Structures are given as C-alpha cells and as structure tokens.
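Peer 1: Each of the two chains sits in its own frame; use the hints to bring them together as a complex.
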Amino acid sequence: MNLGITATQYLEQIKNGSLTVEEFISKTMERINKVEPSIHAYISLNNDAISQAKQIDKKLKAKENVGSCLGMPISIKDNICTKGMKTTCASKMLENFVAPYDATVISNLKSQDAIIIGKTNLDEFAMGISTEFSYFGPSRNPWNTDYVPGGSSGGSAVSVSALECIASLGSDTGGSVRNPASFCSVVGLKPTYGLVSRYGLISYANSIEQVGPMARTVEDTAFILNIISGIDQHDNTTIDKGKVDYTKELDVGVEGKRIGIISEMIGEGVDKQVAAATSKAISKLQTLGAECNEVSLDSVKFSVATYYTIAATEAGSNLARYDNIRYGFDFDVEGYEFNAYISKARKNFGPEVTRRMILGSFVPSAGYVGKYFLKALKVRSKIKSEIEQAFKKFDLLIAPTSPVLPFKIGEKVDDPLSLYLLDINTIVANLSGIPAISIPYEMTNGLPIGIQFFANSMQEKTLLQAAYALEKTTNLPGVPI
Amino acid sequence: MTKIGLEIHCQLTKLESKLFCSCKADYRSLDINTNICPVCIGLPGSLPLLNKNAVEKAAMISIALGCKTPPKIAFFRKNYFYPDLPKNFQITQYNAYGPTSIGSDGKVLIEDKEIRVRRIQLEEDPGRLVYEGTSEKTLLTLIDYNRAGTPLVEIVTEPDFETPKQVRLFLNVLADLVENLGVSDPSLEGALRVDGNISIDKGNRVEIKNVGSFKDIEKALHFEITRQQSLAERGIPIPAETRHWDEARKITVSARSKEEEQDYRYFLEADIPWVLIDSSVIDKLKKNMPESIYSKKERYIKKYGIPLQVAEVLSSDKFYSDLFEQAHNEKNAKEIANIITTDLKGFADTKEQREQLKLTPKHLADLADAIMNNIITRNSGKLALQEIVKSGKPLSEIISSLDLGHVDDKSSLSKIIDDVFSEEEKAVSEAKLNPDTINYLVGKVMRKTKGKADPALTLDIIKKKLDSK
Chain S
12 MNLGITATQY
22 LEQIKNGSLT
32 VEEFISKTME
42 RINKVEPSIH
52 AYISLNNDAI
62 SQAKQIDKKL
72 KAKENVGSCL
82 GMPISIKDNI
92 CTKGMKTTCA
102 SKMLENFVAP
112 YDATVISNLK
122 SQDAIIIGKT
132 NLDEFAMGIS
142 TEFSYFGPSR
152 NPWNTDYVPG
162 GSSGGSAVSV
172 SALECIASLG
182 SDTGGSVRNP
192 ASFCSVVGLK
202 PTYGLVSRYG
212 LISYANSIEQ
222 VGPMARTVED
232 TAFILNIISG
242 IDQHDNTTID
252 KGKVDYTKEL
262 DVGVEGKRIG
272 IISEMIGEGV
282 DKQVAAATSK
292 AISKLQTLGA
302 ECNEVSLDSV
312 KFSVATYYTI
322 AATEAGSNLA
332 RYDNIRYGFD
342 FDVEGYEFNA
352 YISKARKNFG
362 PEVTRRMILG
372 SFVPSAGYVG
382 KYFLKALKVR
392 SKIKSEIEQA
402 FKKFDLLIAP
412 TSPVLPFKIG
422 EKVDDPLSLY
432 LLDINTIVAN
442 LSGIPAISIP
452 YEMTNGLPIG
462 IQFFANSMQE
472 KTLLQAAYAL
482 EKTTNLPGVP
492 I
Chain P
3 MTKIGLEIHC
13 QLTKLESKLF
23 CSCKADYRSL
33 DINTNICPVC
43 IGLPGSLPLL
53 NKNAVEKAAM
63 ISIALGCKTP
73 PKIAFFRKNY
83 FYPDLPKNFQ
93 ITQYNAYGPT
103 SIGSDGKVLI
113 EDKEIRVRRI
123 QLEEDPGRLV
133 YEGTSEKTLL
143 TLIDYNRAGT
153 PLVEIVTEPD
163 FETPKQVRLF
173 LNVLADLVEN
183 LGVSDPSLEG
193 ALRVDGNISI
203 DKGNRVEIKN
213 VGSFKDIEKA
223 LHFEITRQQS
233 LAERGIPIPA
243 ETRHWDEARK
253 ITVSARSKEE
263 EQDYRYFLEA
273 DIPWVLIDSS
283 VIDKLKKNMP
293 ESIYSKKERY
303 IKKYGIPLQV
313 AEVLSSDKFY
323 SDLFEQAHNE
333 KNAKEIANII
343 TTDLKGFADT
353 KEQREQLKLT
363 PKHLADLADA
373 IMNNIITRNS
383 GKLALQEIVK
393 SGKPLSEIIS
403 SLDLGHVDDK
413 SSLSKIIDDV
423 FSEEEKAVSE
433 AKLNPDTINY
443 LVGKVMRKTK
453 GKADPALTLD
463 IIKKKLDSK
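Heads up: the sequence lines are chains S and P, in that order. The first sequence begins at 12 in the working numbering and counts up by one. The second sequence begins at 3 in the working numbering and counts up by one.
With the rest of the complex left out, here is chain P (with noise of 0.2 angstroms):
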C-alpha cells in the first residue's frame, strides 16, 4: 500500500512584520538585502522578541485544521550551519518533550478520507540562496536575507494519503483556507511550499524536497510510486533517503548529502519566554474568525437554495465569496451566484484578471436584479458582464450603449418568428412532425435578437403558430 504524508510551510503573508523583528513580512517586491535589521540577521548581541500576529495566526490555522493548542507554547532551537540561516540555528518549535506547538492532533476529511494533521508549528523562515548555475555546480552562491524571519506555519500531516490525488486535493482545500482564514496568499511565489514523504508496500520512507510547486508535487508523487514500484518487482531495495524534484527533467533525483542524518541538538529558546494560550484567548479567536469553506457551503444551500455544486465552487474561492457576499440580498442570492459561478469564471481566474477587473458588488447586484426583472435576458447578462470587467461602467449605461434591452413585446417578435419562418421552411414542416426541434427555430430567433429576445415568449409564439399552420 503506497503511503504519503506531507509537510507543508506555509508563509503568514498578510502579517506586517517578521515573526522576531519590524522588519516587513512582505520582502518580494524589496531590493536584495534591504529588508533586513540586526534582529533578522542574527547580529551579536540581538534578541528576537516574539510577534504575538503571528501566534494568532498560528492558532486560526490550527483551529480550522482541528489541532489542539496546549494551554502554553515554547520556541526551540534547530541547530544546523546553513548559509541562508543568519544564527546557524532555526527559531521554531518541538513537540518531543510534550505538545508545546501551536497545534496537533488535527484532522481534514478528503472525500471521505480522514487526514490527520500531527502538528502544526510557527518558525521563522530562512533567506534565500541564489546560485550561479545550478546548486549543486555553482560557484557563487548570493545570499539575500530579505526573507529570513518572515513567520512560517510548518504542518505536518500522517502519512495517510493513498494517492497523489488525494494529496492534490488536500493541498487545494488548505490553501483555500489559509486563504479564507486571510492569513496568506497562497497564490504568491514561496508562500505554500511542499515536502513529501512516501513508501510503497513495505518499503523505506523516502522524502522528497525542493518541489516548487503543487502542481509539481502530484507529479512527483507519481513518479517516485514508478519509480519506487519498478525497483521493488525487480527485487532492488528501496534505500531510505532524500530524493530532490528536478523540475527541468520531471524526474526525482537522490540528494547525495545525508540530510536524514542531521543532528540539530533542539533545545528550548530561552529568549522567547512561554506563551500561555489560555482557552478564553482560543474561543475568543474562534468567534472572530473568518466563516469556513464549509460553513459557507452550508448556509449557501440551506439559506438561499444553491445548488451543491454552485455552493462548492462559491465558498472555497474567498475572491468569489467575499463579492457574493457584499453583492446579494435573500431576493437574488441565487442569480448571483449562478453568475459568479458561470459568466464571471474566464474573466477572472488568474491573479492579474482579478486585480484588473472592474467589476463591483454593486454591478453584480444590478445584473441579476436586471436579468431578474425581465430588463435584460440572461444572455445579454454576459454581453453586459464582460463590457462591466473591462470598462467597470453602470450597467444602465451598458446596456442602452449595447442595445441589449429586452424584447418582449410580442408584436415585433411575432414579426421577427415570420421571418424566420420563411427562411426556414423545412425545419418549420419538421417542427411540426417533431416537436423536439423546435428549440432550432428558437435559436434562430436568438440569433436574430442577439439573444434580447425573451426565450419562453420566443417558444410561446412558435408554437402557436406552428399549430395554426
């Protein structure tokens, strides 16, 4: 049986400031080396004084993954030499000498699959090695510390996935609810990163780094379950190691250093005293915190009758729910979701859509209150909508520029019917025979309105006059 278990860092991007220093949490858009201070690069005689953000956080993240959060956390020491880690030890946490991260014990279900998350700890990022080359063949290896301090959120899982499948969906349900939980962006560069660990049947645990992306990851996966499956049905050993993803040749490749050996001598990190974390504290983050993805699901069904799958795609996108939210009332929750869920998908989709779409709440409201009163049809509400992302103008003014008004008056739709009627005489003797093609003259109709007319009025005409034919 094919075993994985994750462990995933997570950047908290919407803090301010580093997990230990002043210094910005948000160091991308920074020259190299300019966002550091002597907290973040570890010099003498600096101490790190804990950012108390960062602990809440922590603990939103813990508590929508179903972790317990002891009654008071430690920090610890993980000695190692590294160049990207200005002290040559990490600041995080350890639960060895008893649970005193910010969470463990949690569990996710994936299609019915239970995930248990085993802990969840805050330590602080390294900075960032840029090499000449590649990493294994450089000369030159530039540091920039602009990263090291920025708060991380490290959560490991049990090895309970049986499939890179399953993994691909636990990692989309969590970064919708770092992302719901606004404590990070995951879609910026760095901010979820992902190790895997997998063994198949009985074999070594064999962990996998250095994987860039989520798409990545499954990929991965699937090539290390080959991999790992050809050697075993030729009776190779699988050794125990650490493999490195080669994005380049889509391969795994054995990462020669002996990483599983480390011995980083943890010990508890004086400088930052005991965080109690009393159960008031807790049940105080718990009421302010954002609604769930499935909470959101629910209400979204039970409140206002939208469809399941509608629900789904609605609350896990905090981008599409935070404008359903501001956009609806009881009346028209259904019509705007069913936009956003329909119409709106293409026009934004992709970070850079988003940030430039004009879109408002209040458009939307407009919309399916226009498309709701018979104003505009439901066709002309994608016309409108893709001119409101591009130009963001009212709709009124949108729809009288277009000339997307309803027709509905059934004197010149009857006129338009007769038309078509005499444009298509045999599909009109074939509707007769056959009522099941009708809906061909229907959308000539259509075609003839650009989609203006009023298609039960349009249907309604048809077929009376087909039967007085």
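Just chain S, with the same shape it has in the complex (with noise of 0.2 angstroms):
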C-alpha cells in the first residue's frame, strides 16, 4: 500500500472500495511506530484511531452519510486543542493539560470525519524556528535526520512530508507553518488573518497568528482550506466572507498575472543556492505567461525588529496566565507567598519562551514603551500600507520561504539572534495580515528548497492558483526514510 497517495487519491481510493480506512489508519500507524524513533514528529498519539476508523468503514458499507474527509489521518499541531488528548504546547506549563473541549479548527474536521491521528511537536508554544525548542525533545528533518525540519510546526511538516499522515494542521505567528513546510519539502499555507478560527489555538502573538494546513500538494491544502476556513461564533475576529471552494479552478494558470518579487528578499543573506532557485521559479513562471517585476518593500529590513517587539509584548501577557495555579504540573504549594510561588512554577518554561517573556515585559514597559513597542506598531502599520500599495500593481509577490537552506540540529540553538534573522521573509504576512503559501521547489544535496507566494487579503484562491501552477512545473523526488 502506497501512504504517500495525496488527499484527492485518498478520497478515491475509499470511495470506490480499494481501500479501507481500517486499512489506511492501521499501515499509517505502523509506519508512525517505525519511523518515529528517528524523526520524532509526535508527542502523543491518538489511541482510538483504529477503532474510529472502523466506525467509518462501517457507516461507507451501510451506506450512511459520511463527512468529506472519510477518515482520512490528519496530524494536529500540539498548540490547537483537542478534546480527550493532551495539548502540551511542548511545554512542561501543559504537560499533561487535557483540554474540554475542541478548537474549532478541530470540530470541523471531526465533523466531516476526519480521524485527528496525533498530536505533533514544535517549539515550545510555537516560539522557535527548528523545533529545537521542545521540551520533549527536537523533532528531525526526514530528508537527512541530522537536520532540523524548520519550526515552529516542525512536527507537522515531518509528519506530512515523511508519510505518517495525509495532511497536518500548524500555526503561523511568524512563519511557522510555511519554514517548516519549506524545510521538509511539502506545501504549507498561512491564511488571512480572519480566514480561519483561532478558538481552541493557544495563543502566543493572537494578533498575527493563525492556524495552517501543510499537506503534500497545493490541491490537497486547497481541501483542508476548506474544511477549516470560515466565520466562527467562537471568535470574533473572523471575517465572513461566505463559502468558498478553493479547490475549484485551481488549474487556470498565470497568464497575464502580475508577479512582484520581493527585492529585499532574495539579495544579501540570501544562500546562492536559494537565490538561484527563485531565479529558477521566476523563468518558469514567465514561460507560463507571468509578468514578473521586482518590487521594493522599504520596510522590510525593519520587519525582524518590528515582529519580535510585537511578538514578544502579546506573548508576555498570552504566557501570563501559566502561572500552575488553575492547571499544570503537580507542585506542592505548601510555604510558598503568591509572588514566590508564581516565579518557581514560571521558570518551567524552556529557555527561548524565557527570552520571550524577558523582552515582553521589557518593550511595552514605561519608559521604554514609546521606543520600542509604540514604533514597533507605527513599522507595523507602515509594512501594510506597502504592501497595499504593492497590490495596486501585482496580483501576488514572491520570494524565497526561508534565505538559507534547513541547518544542522544543534548548530544554532545557542544564537537566538541569528535564528530571528531567518524569519524575515515570511513574517511580513504575518504583520500585515495577508496569505502567503511556501511550496516545495527543489532539493539541493539532498535538502529542501521552498518557494513563497503572497496574495493580498482574502485572496487565497489567486495564491492557491499560482502555486498550483508552479508546483506542475516541478519533479521531486520521494522520501528517503
């Protein structure tokens, strides 16, 4: 049996009886027993998968309605809350915090039955960009284990791309879905903010944050989109835009279509062999009948800065509340004062969440507030109005997902600042609100190189549209573990 079948094979496959999803779950799961020693995508696994798998074959025999997913696995980013399974944030804060109840995100898939197969790794409550930064342990890049598999959703991008799910649900603050997806070789999208419910996503930066699906193909992300996309009662920041069907018309192509590239993203700091990548993406995209220009983004060199400042501030107050007193670890309380009490129970939290917390009491603190948080904002509201102005004149922008290729685990654990760097040619969506997708383009030496596209708000179908196009373009090759 083939487990790396895309969605759309999956769907087909079950529906005209070739395969069961008994049979689908129980192969995916031996396949999850046998890799997982040396890739470690998971935290916890979803005992009953089997046996709701079973449930599934038995309504498709009976011939009883059957949500569109029909049990296909889908991996969850172990920040999105899922009730009856543990949500760790791969921290020691929820190590064994069971949520009561589902993330949004999470009913809609049970709701057209899909089967939540586990919960997978990533930095401790999304802050990291290498999943180094777990608390049970860093998560390994399939395509060479001594890697990392980019962050903070590594887990789901090892799980998509090494075929121990169909398709995964992560989270983008700052580009958390779309560099792991870039680092491990599979499509992952991060919507409008607004697109998609963040009930039940535990929050880190709440105003930039929004949940992903990472799947192997841009059809296949197109369906999670679907699935996940929409206004929900729980949250008050998504935005009704009706139903629609991303993926219809994913096959028309960009002809005609303005393509803006991103001059402060693909010139210095930017690895040869990216660089040399994009040029290769942006030839392709013209032969199809793409106009391709670059475009400058001023305010991008500022955008590292300006992101970590806001980041930080929201994550400070987010990260207030484990404090162990309502949930947690097991602590005896006995002789602590509150104060005395609060600080013991926080230092529990990983180093990079601690330098987190550092700088978000420290740049919206008097004093330093109109420095550091207050300019933070005025960048902030100064990247969007470039950006609207860039879409005045593009239909979408590209550049690279990330400016190198996956490191070493290890080899920059100890250089937060240079980890930072790296984020900055995915976190300009995030500041500004807009979708961006990475798409896997080529391997080099055997590592992944992704390639990014962004669309103004809303407008994920002219972004699906195009990756779809540029991902026809491309011949990659399997999996090696």
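Source of the hints: derived by calculation from the structure; they are not laboratory data. Computed from a predicted structure; not experimentally measured. The beta-carbon is built from N, C-alpha and C at its ideal position, and this holds for glycine as well. Warning: the hint list may mix true and false statements.
As the list claims (entries may be wrong) - With beta-carbon atoms standing in for the labels, derived distance ranges:
#1 P:A98 <-> S:G15: 33 to 43 angstroms
#2 S:A377 <-> P:S24: 55 to 65 angstroms
#3 P:D248 <-> S:D341: 37 to 47 angstroms
To be verified - Here are the computed lysine to any residue pairs in the SDA-like style, where the Cα-Cα straight-line distance is at most 20 angstroms:
#4 P:K54 <-> S:I250
#5 S:K268 <-> S:Q297
#6 S:K70 <-> S:E34
#7 S:K386 <-> P:N97
#8 P:K80 <-> S:L388
#9 P:K353 <-> P:K392
#10 P:K54 <-> S:Q297
#11 P:K74 <-> S:N247
#12 P:K26 <-> P:D187
#13 P:K80 <-> P:K115
Stated by the list, open to error - Derived list of chain S stretches under chain P, where covered just means 3 residues or more per stretch with a C-beta under 8 angstroms from a C-beta of chain P:
#14 203-216
#15 335-344
Peer 2: This is how it looks when you write it as structure tokens:
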C-alpha cells in the first residue's frame, strides 16, 4: 500500500472500495511506529484511531452519510486544543493539560470525519524556527535526520513529509507553517488573518497568528482550507466572506498575472542555491505567461525587529496565565507566598520562551513603550500600507520562503539572534495579515528549497492558483526515510 | 483645599451573562466555582466573545452621566499578576492613546456643584479571594472564579469633590441612576464599590481602597482629612500612598505594597475587534432609555402639581416611581404620590420589606380614590395600607373588616361631640375663649371614632356648638 498518496487519491480509493479506512489507518500507525524513533514528529498519538476508522468503514458500508474526509488521517500541532487528548504546547507548563473542548478547526475536521491521528511536536509555545525548543526534544528532518525540520510547526511538516499522515494543521505566527514546509518539502499555507478560527489555538501572538494547513500538494492544502475556514461564533476576529471552494479552478494558470519579486528577500543574506532556485522559479512563471518584476518593500528591513517586539509583548501577556494555579504540573504549594510561588512555577518555561517573556515585559514597559512597542506598531502600519501599495501593481508577490537551507540540529541553538533573522522572508505576511504559501520547489544536496507566494487579503484563491501552476513544473523525489 | 476624586466600580447586575462568555452575570447564589467556563477561567486556547448588551448598558450609563461616546471603542489588556485574575491580565479600556473607552468628559450637578466625570470604561471583574483570617496574615487563600468576567463599569471622576458629604450625595445619585436605568441593582453586595483619592491643600494624593460600603467611604474620607490635617499641622509631609480602610477599627491603614508603582503594560486586546458605535446607535439608546430621574421629577411637579420634596423622593427611588407610574391617573396622582412618600415609607424601605410587600398598584389607586371620594379618611387610609402590605387583601374587604367606613353623618357625629363636650368641660370653656385650642377637641373626637370622623365636618359642628353655648 502506498502511504504517499494525496488526499484526492485517498478519497477516490476509499470511494471506489479499493481501500478501507481501517487498512490505511493501521498502515499509517505501523509507519509511525517504525519511523518515529528517528524523526520524532509526534508528541502523542490517538489510541482510538483504529476503532474510529472501523466506525467510518461501517458507515460507508451501510451507505450512511460520511463527512468529506472519509477517515483521512490528519495530524495536529500540539498547540491546538483537542478534547480528550493532551495539548502540551511542547511545554512542561502544559505537560498534562487535556483541553475540555475542541478547537473550532478540530470540530470542523471531526464533523467531516477526519481522524486526528496524533499531536505533533513544536518549539515550546510555537516560539522557534527549528523545533529544537521542545520540552520533549527536537524533531528531525526526514530528508536528512542530522538537520532541523524548521519550525515551529516542525512536527507537522515532518509527519506530512514522512508519510505519517495525509495532511496536518500547523500554526503560523511569523512563518511557523511556511518555514518547516519549506525545510521538509511540503506545502504550507498561512491564511489571511481572520479567515480561519483561532478558537482553541493556544495564543502566542494573537494579533498576527493563524492556523494553517500543511499537505503534500497544493490541491490537498486547498481541500483542508475548505474545511477549516469560515466565520466562527467562538472567535470575534473571524471574517464572514461566504463559502468559497478553494479546490475549484485551481488550474487556471498564471498567464497575465502580475508577480512582484520582493527585492529585499532575494539579495544580501540569501543562500546562493536558494537564490538560484528562486530565479529558476521566476523564469518558469514567465514562460507560463506571468509578468514578473522586482518590487521594493522598504520596511522589510525593519520587519524582524518589529515582529519580535510585537510578538514578545503579546506573548508576555498571553503566557502570563501559566502560573500553575488552575492547571499545570504537580507542585507542592505549601510554604509559598503567591509571588514566590508564581516565580518558581514559571521557571519551568524553556530558554526561548523565557527570553521572549523577558523581552515581552521590557519593550512595552513604562519608559520604553514609546521607544520600542509603539514604534513597532508604527512600522507595522507602514508595512501594511507598503503591501497595499504593492498589490495595486501586482496580483502576487514572490520570494524564497527561507533565506537559507535547513541547518544542522544544534548548529544555531545557542545563537537566538541568528535564528530570529531567518524569519525575515515570512513575517511580513503576519504583520500585514495577508495570506502566503510555501511550496516545495527544488532539492539541493538532498535538502529541500521552498518558494513562497503572497497574495492580497482574502485572495487565497489567486494564491493557490499560482502555487498550483508552479507546482506542476516541479519533479521532486520521494522522501528517503 | 480638600480635593477628592472617586473611582467607582458598578457591576451590570441586570445582564444575563458575563462580559466575554455565556456564564451567568448573577453569580451570588451559586456554589463556589460552578459558574465558570474555559473563557472566564482563561483556559489555554479560549477567546473572549464580547457581550454586546454590556456595551449598550455601559453606553446608557455614559449617556446618563453626560459623557461623550467615541465613534468606535477598543479594549485593552491591563497586565498584572494576581490570583483572582485567571489570565493574569484584565480586559479593560484605556484612553491614553485617545478616547476609546465607552465614555469620557461627562458631568453631574450635585447641589449646584459640578462634578466632572473623567471617563467610563467597561471591563471584567476578577474572581473573589477568600482568606483564612485577614488578607495580611492568611495561611490559605481560596479562589472563587464565579465572579470572574462579570461586566463591570468603572466611573472615574475628576478631583472635584470638596467634602465627604458631596461624595455621599453623588454616590446616592449614582446608585439611583444605575437602578433607574435598569442596568444594576446597587443593593446587592459588591455591586457598587468605591475607591477614593484625597489630598488636602498642596499635600500628596492618597488613595483609599478596600472600602466595603457607601456609608464607610464618607467615614474613611473624614478620617483621612483629619489624619492629613494633623500631619500638616505638625509639619510632617503627607506621603503619596495607597491606604486600606480597616472596617473594624474605622481607620485607614497604609498598604505596604507599592501599588502605585505597578506597570500595567497596557496594549490593545486583539481578540476583540473595535466596536463601531455610530450616532444612530446612541440616538436609539437615548430614545429607548428609561426616563431620567430629573425628567421624572420635573414631570411630577409640572403635570400633577406634586410638591418638590415629594417629587424628589418619588423620582429618585425606582421602586416608588414604578409603583406610582403603574397606579396613577391624572386625577389621583397627587394623592398617590402622598400615600407613597408619607404612608408607605416605613413599610417599604428595605429590600426585604419590598420583596414581601403584598401591595399592588391597584391597591394604591383604590386607596387614593377612596380617600378622594370621602369613603375613608386619610387616617383610616393609613390603617388600611398597613393591612394591605401584610395581607394583600382588596381594599373594600379591609374597609369592612376593620370598620373603617367614614363617619360623615351629622347626627351621629353630633352625638359623639356632645359626649366629648360633657367629658371635657374645662377644655370646652377654654376653647370658647381661645379658638386655637379647638384642635384638642377635634383630636378627642378623632380618637373616639378611631380616626373615621371627617375632620372638616367635625370642626364645623364643634364650632357651631361652641358658638351656641
């Protein structure tokens, strides 16, 4: 049995009876058990997956109504709440936390009869770009296990890439879906802010983050987006734009599309091979009839500083609730005064979270708020207006997803600043709210390179169409593991 | 000069649900930690959902206090660690970056003194801490989150009060106002809470917190004035500090924690989008808002000729004015106003009395009509009312069972007066000389008839009899 089939193929095979859900789920579980020791994509697995598969098979056999996922195995980043399963955020703080409710994206998937196969690894509270900052240990890149899978949705990217599921949900605060998608050679989409409900996504920087689908093809990504998008009564920030079928008209091509190449993301600091792959992708798009021209987004150079200022400020507030009073880990409270107790309990955050907590209490504090936080908000508006201007001239923007190739585990873990700088190509989408997608484009020395498109707010359809057109020009190898 | 400013927290107790979730806003009768959900205890992944009714009710308070409401409002996070705060930040409003709270720049007149309202903001109440012993010396702090997320309106005044008495009057007006608007029941424990800021002459500002009741704020302010004056007289500087009201000892005590040095790191709450409040919303609210106390008072005076003092009592108490509104018509309005503000008082002053009251608006209308049609006297009316509030029986039944019917038949009254005359010979001869003492005889007749005698007729007959003697 081929576990590397796409969602579309899976649905066909289940429908025509050549495959049962139970067979596929059992094989997937076998595969997970085999490869997990070398890649560590999952934090926990769904022990009921096989019985859930049997249920769906039974319904299919009885010709009862079955949701559009037909038992498809989907993995979920472990910062998205799942009722009855642990949601740890890869943190000691939530080591044993079982949410009493499903995130809206989870209830959407469940109502379409998807099987949540397991919860995937991440940098603690989604803060990182390598999945090395997980309390449960790093995930490894399936293309070369000495390398990081990217992050923070590293486990999700690994699980999709290593055929441990068909698709996954990650979350993208500054590139956390797109970066690991690029590093692991899968597709990853960050939707427009407000297109997908955040109810049940454990907040890190709530003004900029979104849940995003990850899959092996653009079409599969569109299929998952159909299920998880839409207005939600549990999230006041979701936007009602009616029901759109993102899988329709994917193949319209890019002829006549105006594509802007973001100058600041292809020049200095970009790996030569990454730059070369990007140029190749651009000429491919030109041969397909797109008009590609460079565009300068001046504020990009301030985007990393802006992002870390805003994200840390929000994180400092969002993570303040982890005081181990209402839930958390075992801790004997005897003899502690309140403040001492909180300080002691909060020492259990890992190093990266601690760094951002400190930054997050400093940059918005009295005396510094004007110099840092308020300035960051100003730059953010400037980025927004520059992006708005750009989309008056272009339908899409293009850049490499990551300026560099995947790096080795441990290589940069002690140099946080160099890790922060790697976000430069992704965070403009979060700061401005626009959608962006990363698709696998090339392999170099056995390591993947991803290409990224941006579109204007709520233009996911245009975005997916361009990604689909470029995807068709690629010919990539199967995962070695 | 003494300057006092207030920070008042008013719970919107009349709402169904909390500010950001569907748990009950009325948490008082519920078992500990049962009125909670993922949102109000801040479980990971939960998001606040703004209760639009709370915004409307807060806007009503803002309008009633003459505040300006901005075209769109925003919510902010106030960040600090405290065990009663489930998220370790409070969702509130903040005007430092421009007016985005539900109201600002209002004013209220208190005895011709203008009290400016700096701002009104909508925010969530924290949970409730229960200490073993006192908060300073507790070994155990228990947390009840039932209250967490209850809609709270904070009203901040400018330091315009000069005396504790003005503060009390203002608070009375405010309590009447929120009750009249139907947004809050100020009689509920903790529904209306006050902190004060006070400075004398050019002294530093002292904040008084932890004042449990309205009555105590006046006492606390008096205490502070005396304390600060005595420091000033001895040339001791008054430190800027926060002091807690010690209810048992009736003094303020310095709070050792440096609360004024807190840095709350306010920033926009992105989980709640800006709420547009266009002028049509405000117009609609104004139109549908309950009539203000002031307008009621004016109407009572102008339309029904009710005396000022009666109109004031009647309009400022929602319970009384509601009764009046339902009972009165053009003719009996004045009489009903009288009954409510003179006779009913005493039977319906406290919440408990009001809850047990069997009186209906129809009773009041019947009573007023009976008095006006000379079926019973005012005095008998009082007796009847006493019975009505207890039993709720119809007035006609009470009149006959208590034999309250009016004595207005001349011959029987004349006979009773003759009896009084023979018993009070001395008084009669005195009355002949000095007409001012006639009332003594009228009183005797009233006592004999248990108040049923028509006073005017009685006086008339007595006068005639005295003249003919």
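Peer 1: Under the constraints set out in the numbered hints, which ones does this structure not fulfil?
Peer 2: Hints 1, 2, 10 and 13 are the ones this structure does not satisfy, whereas the remaining hints hold.
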